[in-house]
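*Asks:* Chains as they are written, first to last, in my numbering: chain Z, 171 to 925; chain S, 275 to 372; chain L, 22 to 201.
One or more hints might be untrue.
Claimed, not checked - A short, non-exhaustive set of chain S residues, derived as facing chain Z with CB atoms under 8 Å:
#1 V292
#2 I296
#3 I311
#4 V315
#5 E344
#6 D363
#7 H368
#8 L370
#9 K371
Worth flagging that the hints you see were computed from the coordinates, not collected in a lab. For each residue, glycine too, the CB sits at the ideal point set by N, CA and C.
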Amino acid sequence: MWFLTHVWIIPAVMALSFLLILFFGKHMPKKGAEIGIAAMGVVFILALITAGQWINHSNTEVHGAGEAAEVAALANVDPSCAPAVEHANETVGTELSSDEASSGGEHGQAVTTAGTGESATAATKSAEGGEEGGEEHHPTQPVVRCMTWFESTGSHITIGTLVDGQSVILLVIVAIISLLVHIFSTDYVHGDRRYTHYFAFLSLFTASMLFFVLSQSLIQMIMGWELVGVCSFVLIGHWWEERPNSDAAMKAFLTNRVGDVGLLIGVIILFFAAGSTFSILDVNILAAEGGISHGLLLLASCCLITAVMSKSGQFILHTWLPDAMAGPTPVSALIHAATMVVAGIYMVARLYPVFFEGLSIAGSSVNVLSVVGAVTALFGAMLAFVQKDIKKVLAYSTVSQLGFMVTALGVGAWTAALFHLFTHAFFKACLFLGAGSMSHACHHSFNMVDDYGGLRHKMPRTFWTFLIATLALSGIFPLSGFWSKDEILAGTGSFPGTSGANGTYHLMLIMLLLAAFCTAAYMIRTIWYSFYGEYRGHGVPHESGPRITVPLMILATLGAIAGLANLPAEFGSFGLRFEHFVEPVGLYFPELSHAEFNVGLAIVSLAVGIGGLAVGYLYYWKGAFKPLHGLAERNTLARTGKTILENKYYFDWLYTTVIVGFVKGPLARATNWFNQNILDGIVNGVGKGAVGTGNWVYDNIDQTVVDGAVNGVGFTASESGGVLRRLQTGRIQQYAALFFAAAAILAGIFVIVIG
Amino acid sequence: MLLNQFLLLAAALFCIGVYGVIVRKNGVLVLMSIELILNAVNINLVAFATMSGLGGQVFALFVIAVAAAEVGVGLAIVLLIYRNRRSIDIDELHELKG
Amino acid sequence: MLGAISAATTTFDVPANIAFGLLAAGMIFAAIRVVTTNNIVHAALWLVIVLGGVGMNYLLLQAEFVAMTQFLVYLGAIVVLFLFGIMLTRAPLGRSDDLNNNQRVIGGLVGLLLLGVIGYALIDTWGADKLTFSASEVAGGTSTQLLANSIFGDYLIPFEVVSVLLLAALIGAIVLARRD
């Protein structure tokens, strides 16, 4: 339990390693790599211990009926980390305490206490132990630790850790892959111009990914998301002196930025919808219990889906992933196959109630998430056929497999998605590292068509590990890919005879089967070009050293046996172990229906995989399908199709030339014209208007009216003086005349008017 | 006889006298016009005396006496003016001109 | 108006009215000639007629003493004084075009305005009141006796003051006209 509450140590160790390597790496004998590997080793052990503790913790059962148990499961959660928990405790507690008042005081005590930590679990343990023992799914008790980061207008922004099955499994994955990549890198980037810097950023990346995975609040999730994006940028552009590499890094970062806008908007919507709280647990509880309106959830889901599209390389924001292969191969293995790109998958899985309720996954046959995933799976797989670069083949394969995971989430097969993530990490990392091993031998070339060939005998270990990983990827029984892929296909609920799925997604099933076929086919193509035939490159290739081959073997082994983690329920208590420990059950997760294992579907998917391998084998080894050989040269339609695939469906052209070119060119010119003529015109016009008004006022009002009035007064005074002066003639007879006239008038007034 | 006929006669004489005061340039003629005015007033007084007691007649006598004195002094002034300016044109007496 | 006046008189009043009428006409004509003639000596002579007419009016009003005084003082002394003034100031004898200033229009207007106002006031107030000679009838005796009683009785002090005034005027005239 201690490790669960102190799990923040794990990212902290890697962050410390980053700082140490940055400051002291150059002076160390192994140039900082030893710090990285040591830290990684510590983290790996801690991750395994944490996983063990989590398994132990999940086995402590919480008893009670349905909702009461779920509420009690959250009793350990500090209310300041998730205010909705307290609210749930109150509402459910008051409902049930009246029903179960007769069941005994202890049960009531268990339900109504909140945030009292261990006493609640103790109380529930002692009460009615055997009554609900038959329940299969016990409520998950997440361990939440948080502290208030800062307060802002009444809402607390918290930072902390949320440990449940999902976080733990990702911890393990990241730790294993990162450790093996560290070891691989010591040989692969040996003698590199920026060796220390590379290891520093590997550590930073690992720290960021672990931080992201353990995040308790949405703010933290965004932080982790951005951090891994930055590390990806730095590591892709590791050899930035060559222009294509820095361009690729920029492309990766900027494309991810586009999706980040969606992430921000989605998080903001969820923040306000959940009552001004960033706590993930809160958002999930409110979404799952119906506390947020459907429209808001749908809107938030759509915004978050754009984030997934960019980070996890889904159509249409996938264009950065193949270009990201410009980075060193271990980086590609770690970041762009196993860990960073799955951040999007993890985010969807974390906030699953939002998606499940918002997209109405249950009971429907199509939704945005599943369509995006299925399209990605199929189209990405098709693109892998025309690549000459082995890393690009693997990159498109990653895109396609991520599409599988997203589709799984879209059809409600949550566990299948995470299980596929788990198995894919192993065999994809193995494939990438195998490609790295090959290029290490073939003078750093990745062009399998031109520079590889016949490496089977020269690099046996690479060959066998690569082959095992390929078979796992193609979904061949009993390797891991078979189990995880089959679970996804069952989850679509479309295959006749499957039961227990959340909906019926026919289109997805078809597309995924096609994609599986293509996967097997292009992988066999890769094997043909790389390991068979005559060696077409320069020099003499030889097998790589142990630091490269040992990780390959470990990964291939894991890729082979990982499927045992989630065997179907038919295997009794040994089955569905992964699901048991990873999939949450509780207030903060929707009630999912799990598709049952269908033998028919398993046979079909196996046949598809074998069929793909067979077709490829016949085409390349046996030269069969003669009319298809060289079809692109002869047939216009085929050539057009190939051109479209080679140009990656013209997405890059669309983004760079059309969209960016429009913004840089006509749009920029138009805004400049607007600014110069209209805005500046308005400002100048106002200025001129002011000057003109001032002049007019001066001329007309000041000079004419005001001065006129003043002058007029003076003029009147002098003129009237001039006029009145004439009265003073000094001639008494005139005075007499006036006098008599005035007297007469006055008399007239008195007599006639008044009298 | 009506009272009014005497009063109206007096009024007419008075107005003619006023006209003369305003119009005549020669000083002596102005004094003559003043005499007209005074006599008009006298007729008024005496007319009213028939009805309101002899006070009117007494007053008329006084007016006559005063008029005489006034003409005397007035002509003396006119003579002085004549001595100083060789002319008794009232229009030339505009020292008060502003 | 004249018709109204003549219709209201008694047979006893007819000669008085005729006399008054002739007298008034003459006086007004003479007064107009005083202020309009071009000959200064003729103006003085016309003034004589006016003053004489005034005296006659006094007689009509049964104020004999005032009439005699009028004749004596005005016609006897004041007119002579005027003639002396004309002579001593070397007034232009005979026709002279230089006796009126340029205010004739204003003067005429003022005069008419004044006449109008006074006339209106008089007619409005006294209308057709008749002369009653009531004062003399009450007291009895001739008007001269009554007048003497009045002057030396009620109005003694004004009488004395007037005499002082005459003295002052006399002395003043001498002082002013003295050659020095």
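*Asks:* So, for every hint listed, does it hold in this structure?
*Replies:* Right, here's what the structure says about each hint:
1. V292: 5 Å, holds
2. I296: 5 Å, holds
3. I311: 11 Å, violated
4. V315: 15 Å, violated
5. E344: 16 Å, violated
6. D363: This interface hint is violated because 11 Å lies over the 8 Å limit.
7. H368: Nearest chain Z Cβ about 3 Å off; hint holds.
8. L370: Hint holds; L370(S) Cβ to chain Z Cβ min 4 Å, cut 8 Å.
9. K371: 3 Å, holds
The structure fails hints 3, 4, 5, 6 (numbered hints given earlier, in ascending order).
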